[in-house]
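Here the protein sequences come in this chain order: A and B. Numbering-wise (the numbering used here), the first sequence opens with residue 1 and increments by one. Numbering-wise (the numbering used here), the second sequence opens with residue 349 and increments by one.
The set of hints was computed from the structure by calculation and includes no laboratory data.
With a Cα cut of at most 27 Å, we get these calculated DSS-like pairs of lysine-lysine:
1) LYS246(A) x LYS512(B)
2) LYS246(A) x LYS233(A)
3) LYS653(B) x LYS164(A)
4) LYS567(B) x LYS246(A)
5) LYS305(A) x LYS279(A)
6) LYS594(B) x LYS223(A)
7) LYS627(B) x LYS279(A)
8) LYS571(B) x LYS581(B)
9) LYS512(B) x LYS567(B)
10) LYS594(B) x LYS219(A)
11) LYS627(B) x LYS571(B)
12) LYS223(A) x LYS234(A)
13) LYS305(A) x LYS571(B)
14) LYS627(B) x LYS581(B)
15) LYS581(B) x LYS351(B)
16) LYS223(A) x LYS653(B)
17) LYS567(B) x LYS582(B)
18) LYS627(B) x LYS594(B)
19) LYS512(B) x LYS305(A)
20) LYS246(A) x LYS594(B)
21) LYS223(A) x LYS246(A)
22) LYS594(B) x LYS581(B)
23) LYS691(B) x LYS351(B)
24) LYS219(A) x LYS234(A)
25) LYS164(A) x LYS594(B)
26) LYS279(A) x LYS234(A)
27) LYS582(B) x LYS571(B)
28) LYS3(A) x LYS234(A)
29) LYS571(B) x LYS246(A)
30) LYS246(A) x LYS219(A)
31) LYS219(A) x LYS233(A)
32) LYS219(A) x LYS653(B)
33) LYS567(B) x LYS305(A)
Some residues of chain A that are not near chain B, with every Cβ distance over 10 Å (derived):
34) GLU14
35) TYR34
36) ASP75
37) ILE76
38) ARG157
39) GLN227
40) ASP339
Predicted model only: the values in this text are computed from it and were never measured. We put the CB at the ideal spot given by N, CA and C, even for glycine.
Protein chains: 2
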Amino acid sequence: MAKNDLILRALRREPVERTPVWLMRQAGRYLPEYRQTRAVAGSFMDLCRNDELACEVTMQPLARYELDAAILFSDILTIPDAMGLGLQFVEGEGPCFDRPVDTPAAIDALGVPDPEDELGYVMNAVRTISSTLDGRVPLIGFAGSPWTLAVYMVEGRATREFRKVKLLMNAEPEATARLLDTLARSVAVYLEAQIRAGAEIAMIFDTWGGVLGHRDYEKFSLKWMQQIVSHLKKSSPDVPVILFTKGGGQWLSEMADTGCDGLGIDWTTSLRDARVATKDRVALQGNLDPAVLHAPADRIDAEVKRVIEEFGEGPGHIFNLGHGIQTLTDPERVGLMVDAVRKYSART
Amino acid sequence: MAKNDLILRALRREPVERTPVWLMRQAGRYLPEYRQTRAVAGSFMDLCRNDELACEVTMQPLARYELDAAILFSDILTIPDAMGLGLQFVEGEGPCFDRPVDTPAAIDALGVPDPEDELGYVMNAVRTISSTLDGRVPLIGFAGSPWTLAVYMVEGRATREFRKVKLLMNAEPEATARLLDTLARSVAVYLEAQIRAGAEIAMIFDTWGGVLGHRDYEKFSLKWMQQIVSHLKKSSPDVPVILFTKGGGQWLSEMADTGCDGLGIDWTTSLRDARVATKDRVALQGNLDPAVLHAPADRIDAEVKRVIEEFGEGPGHIFNLGHGIQTLTDPERVGLMVDAVRKYSART
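Isolated chain A (complex conformation):
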């Protein structure tokens, strides 16, 4: 049981002494100590595969800032990698796959990776981190959404037009559904295993849900996240689940209908509007624009205050950015942000 359980209480919409805070990508390249560990580890995936070093970088932001959660250091693409697609991180280009999946035959050849076998290194990292944390703050486990994983798997590399994956979706809807089903089952057992290994919160990152049309979003992204939420609510009913669709501000009500406990909110939606849309059924996590962390100190302070005021009275707010922290962020500014959250939220 976590000693600091603020985030767990906020996710249950129970009263808290102050708003809990953590940052998406809080362990990462903006920290010099991360860059040092990464240089020792080798490649990004080498770092993910080394449970001691993955634990070290997970703990680094907690040593610097008074954060209320740790998040497993890993990547959303571990599942397609375990499926045999050959994940590569090309400098300046982002992730790409040696063997993209773009035919029904390739889809039908995919299996559900065993979380304790092909993905055993992730579970080792969760266990090592969990034991090192020793209940100091809760550990967040995570995975990519089926749709988001499918985007990377079909396109093979970064895209702005999503031509291939939308072609597959339109030309081969049944095969696309089989791909998403395989991914949903893979994510479900993967998150279940992370929870067994010590994760106390499960978060699903739907980075690319926002590029879908409103109907396609329900059919190709939300439906499969729903399947995962339902699985986890059976396998581990007490573990809160957070869904985050970047650019999903128009679909918050439907997302809350999945039975999840919290929603990530990017910075294009005010938390006030998000509370109205979700009728206070779920906790809300967000929503400072990560670019604000490049601003002068007084602007960071004012923006933190605004986010907290827009959420308003009552429980259920977890302070966070609206997207991952940017690489060129000055670590000192992050400290200012965390301090400001403490300053302005000492009353909810």
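Given chain A, work out where chain B should sit, using these hints.
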């Protein structure tokens, strides 16, 4: 006066025999005849600067498809180019500027380009196209929104994080406001001149408004588009103005408040919801996902039908894509789309 004035009537929300249709980037690289003309012209900007060739490519999609509007062949970055920033189109990278504007001093050195002098080549193109069209269909003139132009001018090249422009916005809000004011005045006289030269509709492309937080959107994007709409409503009250913020589905009501005549709607918002949000005060233009044009014929047909049905009964719909047509689109599929619009809309 245009012989085919369907789009003008739709923008006034008057009854039409069928839904008018055009496509964002309808003249462009997906057409082999465009690629041929472009090869003759030299660079992209050489083509924009040659009024005969700009007219030729403007007319090309009208020769292939029964479209209800022509749009000036040009680029949103003509204004910053005329301000002396040195526009370059780097293959595979998109537009970039030799001299980005990222200090208050550089901002204060900017002037409003004379539309008939530095931008005279655009007005020549408008006059040549207008005379060639000879009223066949209305000609749409356009410009980028002040915020969108500012993004390119400050960043200097394509960005995914918008770090520099958001740093300027947060660290130097007064200088940013001066930049946006200079740009708003530049766009206003530029569109006014296009109208004088023969454009019958003015459209403002706010490609990057959707990356702003909800408050910042009003302050840094919408406010300046409002200023342009107010200017045009005085200088040419009968010319309809269309605003399009990509990713702006949450702000349609505020956009309609500007007094514009039409709103572009990307594919993440249903036209039904957009009508509710705007209380039928404006015409709506959109909103097929451009990626649907890669799909099999029956899917294109079904998606066109869905878009038209989602708009529903009553006037005020202009069929279009939710964003520009993609380069790898098969021109034959575009014909299927145009035919489907005629088939399903013969009743409004």
